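S.K.: Heads up: the protein sequence lines correspond to chains E and P, in order. For the numbering used here, add 96 to where a residue sits in the first sequence, where the first one is 1. For the numbering used here, add 14 to where a residue sits in the second sequence, where the first one is 1.
It should be emphasised that the hints constitute simulated quantities derived from the structure, not laboratory data. Just so it is clear, the structure is predicted and the values come from calculations on it, not from any experiment. A portion of the hints provided could be inaccurate.
[As the list claims (entries may be wrong)] Chain E is faced by these chain P residues, among others (derived, beta-carbon under 7 Å):
#1 174
#2 181
#3 186
#4 188
#5 189
#6 192
#7 273
#8 275
#9 277
[Claimed, not checked] Below, a list of computed lysine-lysine pairs in the BS3-like style, where the Cα atoms sit at most 27 Å apart:
#10 242/E to 183/P
#11 199/E to 200/P
#12 185/P to 195/E
#13 185/P to 156/E
#14 183/P to 156/E
#15 242/E to 31/P
#16 242/E to 215/P
#17 183/P to 199/E
#18 116/E to 185/P
#19 156/E to 249/P
#20 195/E to 156/E
#21 195/E to 183/P
#22 337/E to 310/E
#23 195/E to 26/P
[What the hints assert, rightly or not] Ranges between beta-carbon positions, derived for each pair:
#24 154/E to 207/P: 19 to 29 Å
#25 50/P to 226/E: 46 to 56 Å
#26 114/E to 29/P: 56 to 66 Å
#27 310/E to 125/P: 29 to 39 Å
#28 274/E to 29/P: 25 to 35 Å
#29 278/P to 140/E: 37 to 47 Å
#30 258/E to 272/P: 48 to 58 Å
#31 114/E to 108/P: 27 to 37 Å
#32 108/P to 274/E: 42 to 52 Å
#33 258/E to 129/P: 35 to 45 Å
#34 154/E to 262/P: 48 to 58 Å
Think of the CB as a built atom: it goes at the ideal place given N, C-alpha and C, for glycine as much as any other residue.
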Amino acid sequence: MTAFQVELDHISMTYQSPSKETEAISDVSLGLTQGEFVSIVGPSGCGKSTLLDIICGLVKPTQGRVRLERPAGYMLQRDYLLEWRTIRQNCLLGPELQKHNMKEARSYVDHLLETYGLGEFADHYPRQLSGGMRQRAALIRTLALKPDVLLLDEPFSALDYQTRLAAADEVWSILRKGNKTVILVTHDIAEAISMSDRVVVLSARPARVKIIYKVTLPTADLPLQRRQDENFRKYFDAIWKELDIHVSLS
Amino acid sequence: MSASAEPSIERKTYLRKMRIHKVIVLLTQIMVLLAFLLVWELAANARLIDPFITSQPSRVLAAIMRLHQDGSLYLHVWVTVVETFWGFILGTGGGFFCAVLLWWSRFLHEISEPYLVVLNALPKVALGPLLIVWLGNGSAPIIGMALLISIIVTIISLVSGFQDVDPDKIKLLLSFGATRPQIFTKVVLPSSLPTLISTLKVSVGLSLVGIIMGEFLVSKAGLGYLIVYGSQVFKLDLVMLSIIILAAMAAIIYFVVSFFERRLLRWQK
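Based on the sequences and whatever the hints tell you, model everything.
M.R.: So this is what it looks like as C-alpha cells:
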C-alpha cells in the first residue's frame with residue numbers, strides 16, 4: 097500500500113475489569129517510514145505503553161490493526177537482564193528462543209558486543225556491570241534478532257540523569273547507524289525532542305493523537321548537542337503547553 | 015573486582031581479626047557440646063540423675079559398640095536412610111510435578127486452592143492408621159507418611175515461588191515470541207531456584223520427620239523402631255543412641271543441601 101514500515105490503523109483499546117470498563121486508547125493512527133525516529137509523549141497513565149504492547153503484538157487491540165512486515169524489537173523500562181546468564185547468554189536470548197542458527201547468532205552478538213564496547217564483559221554476569229552498560233547490553237539483546245523496527249518503552253527511566261544523557265546518545269547513534277525505525281515512548285519532553293524526527297503528543301485517557309510536531313533540529317547532531325540548539329526551547333515550550341500539565345501549589 | 019597487589023596493613027589486621035573470630039566461635043561450639051556430654055556423664059556417675067532413665071554417654075557408646083558388633087546398627091540406619099530417600103524423592107518429585115501443573119493452568123490452581131489449604135493444616139499423623147490398612151505393614155505406609163507430610167508444603171511453596179516471577183521478565187520473553195514451555199524453563203525455573211532450594215531443605219527435613227513417625231506407627235526395623243522398642247523395654251541407651259544418630263543424619267543432610275545450594279546459586283555471588 098503505502099511506503100510506511102509501521103502503520104497503526106485506527107487503533108482503539110478498551111480494558112475490562114470486574115469493577116469497570118476502561119477506554120485506554122481511542123482511534124490512534126500513525127505511520128512511520130523506514131529509518132524514522134518518532135517519540136510518543138503524553139500525560140502519565142494515558143496508555144502510551146499499552147500502545148507499544150499492541151504494536152509488538154503482546155496485546156490485541158479492541159479495534160483497528162497494526163501493519164508490520166517483521167516482528168518489532170521491544171526494549172522495556174528496565175533492562176531485565178537475567179541474573180543467572182552472562183551478558184553474551186543474555187544477548188543470545190532472542191535467537192535461542194526462536195531456535196535460530198546459534199553459531200551465526202553468536203558471532204553476530206559477539207560482533208555487536210565488541211562494536212559497542214562490551215566485548216570484554218561478554219562473560220560477566222549482569223550484576224558486575226554499571227547501569228549504562230546494562231542498558232547497552234539490553235539494546236544488543238534486542239538487536240540480536242536484527243529487527244527493522246524498535247519499540248522503546250522509557251528505556252532510560254531507571255538510569256540517573258548523567259547516565260541517562262550518555263545512554264540516550266549511545267542508543268541513538270547505534271539505532272541511526274543501523275537505519276532502524278524507532279518508536280520511543282517517554283514522559284521526558286526534552287528526551288523526545290532531542291532524539292526524534294517527530295514527536296506525537298497524546299491526550300489524557302483515552303489516548304488520542306492530539307498533535308504531531310516535526311522536529312527540524314540538525315539530524316547529524318547527537319541528542320546532547322541538539323539540546324543546545326536555539327530552537328530546542330521553542331519545541332519544548334510548545335509541547336509543554338500541549339500536555340497541559342497543571343502544577344498545583346496548594 | 016580488581017585485586018590489588020599488596021593489601022594494606024589495616025586490611026590484613028581486619029582479615030586476621032575475622033579469622034580469629036571464626037575460630038573462637040567454632041571452638042566454643044565444640045566446647046559447649048563437650049561440656050554437655052561431660053556434665054551428663056559426671057552427673058550420672060555421681061547419681062545426681064538416674065542413668066536408668068537418662069542414660070549416659072559411656073552407656074550410649076557401649077550400646078553403639080554392641081550394635082556395631084552384631085551388625086544391627088547398620089541395618090536400622092540403612093532402613094531409615096533408604097525410606098527417607100524414597101519419601102524425599104516422591105514427595106519432592108510429586109510436589110514439583112503438581113506445582114508445575116498448577117503454574118501451567120490457572121484454572122486448576124483456582125480449583126485446588128481450598129483443598130491445598132485444608133490438606134496443609136490437617137495433621138498427617140491422623141492418616142497413619144489408614145495408611146497401614148491401605149498399604150500393609152512394610153515400608154510402604156512409612157514412605158507414604160513421609161510423602162504426605164512433605165508434598166503439600168512443597169506444592170504450596172513452589173507454586174508461590176513460580177508465581178512470584180517478575181511479570182515484566184515474562185513480558186520480555188513474550189516479546190521474543192517465547193512459548194509457554196520456554197517461559198518456564200528459561201525464566202520461571204531459574205528465577206525460582208532459590209525458592210526451590212529452600213523448599214528442598216524443608217522437605218528433606220519433613221521427610222525424615224515423616225519416616226520416624228511412620229516407623230513409630232508400624233515397623234520392624236529403622237531408627238524410629240529402635241526408639242519405640244528401646245522405650246518399651248526401658249533400654250534408654252537405645253533411645254539416646256537413635257536420637258544421636260538422627261542428629262548426625264540431619265547434619266549430613268544439611269551439608270549436602272548447602273553444597274548443592276552453593277553450586278547452583280553461583281551467579282548470586
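S.K.: If a hint holds in the structure, say so; if it doesn't, say that too.
M.R.: Here is how each hint holds up against the structure:
no. : hint                       : in the structure
1   : 174                        : 20 Å, violated
2   : 181                        : 11 Å, violated
3   : 186                        : 5 Å, holds
4   : 188                        : 6 Å, holds
5   : 189                        : 4 Å, holds
6   : 192                        : 5 Å, holds
7   : 273                        : 19 Å, violated
8   : 275                        : 14 Å, violated
9   : 277                        : 13 Å, violated
10  : 242/E to 183/P             : 21 Å, holds
11  : 199/E to 200/P             : 19 Å, holds
12  : 185/P to 195/E             : 19 Å, holds
13  : 185/P to 156/E             : 14 Å, holds
14  : 183/P to 156/E             : 20 Å, holds
15  : 242/E to 31/P              : 55 Å, violated
16  : 242/E to 215/P             : 44 Å, violated
17  : 183/P to 199/E             : 25 Å, holds
18  : 116/E to 185/P             : 25 Å, holds
19  : 156/E to 249/P             : 74 Å, violated
20  : 195/E to 156/E             : 25 Å, holds
21  : 195/E to 183/P             : 19 Å, holds
22  : 337/E to 310/E             : 16 Å, holds
23  : 195/E to 26/P              : 51 Å, violated
24  : 154/E to 207/P: 19 to 29 Å : 26 Å, holds
25  : 50/P to 226/E: 46 to 56 Å  : 52 Å, holds
26  : 114/E to 29/P: 56 to 66 Å  : 59 Å, holds
27  : 310/E to 125/P: 29 to 39 Å : 56 Å, violated
28  : 274/E to 29/P: 25 to 35 Å  : 50 Å, violated
29  : 278/P to 140/E: 37 to 47 Å : 41 Å, holds
30  : 258/E to 272/P: 48 to 58 Å : 42 Å, violated
31  : 114/E to 108/P: 27 to 37 Å : 35 Å, holds
32  : 108/P to 274/E: 42 to 52 Å : 50 Å, holds
33  : 258/E to 129/P: 35 to 45 Å : 55 Å, violated
34  : 154/E to 262/P: 48 to 58 Å : 54 Å, holds
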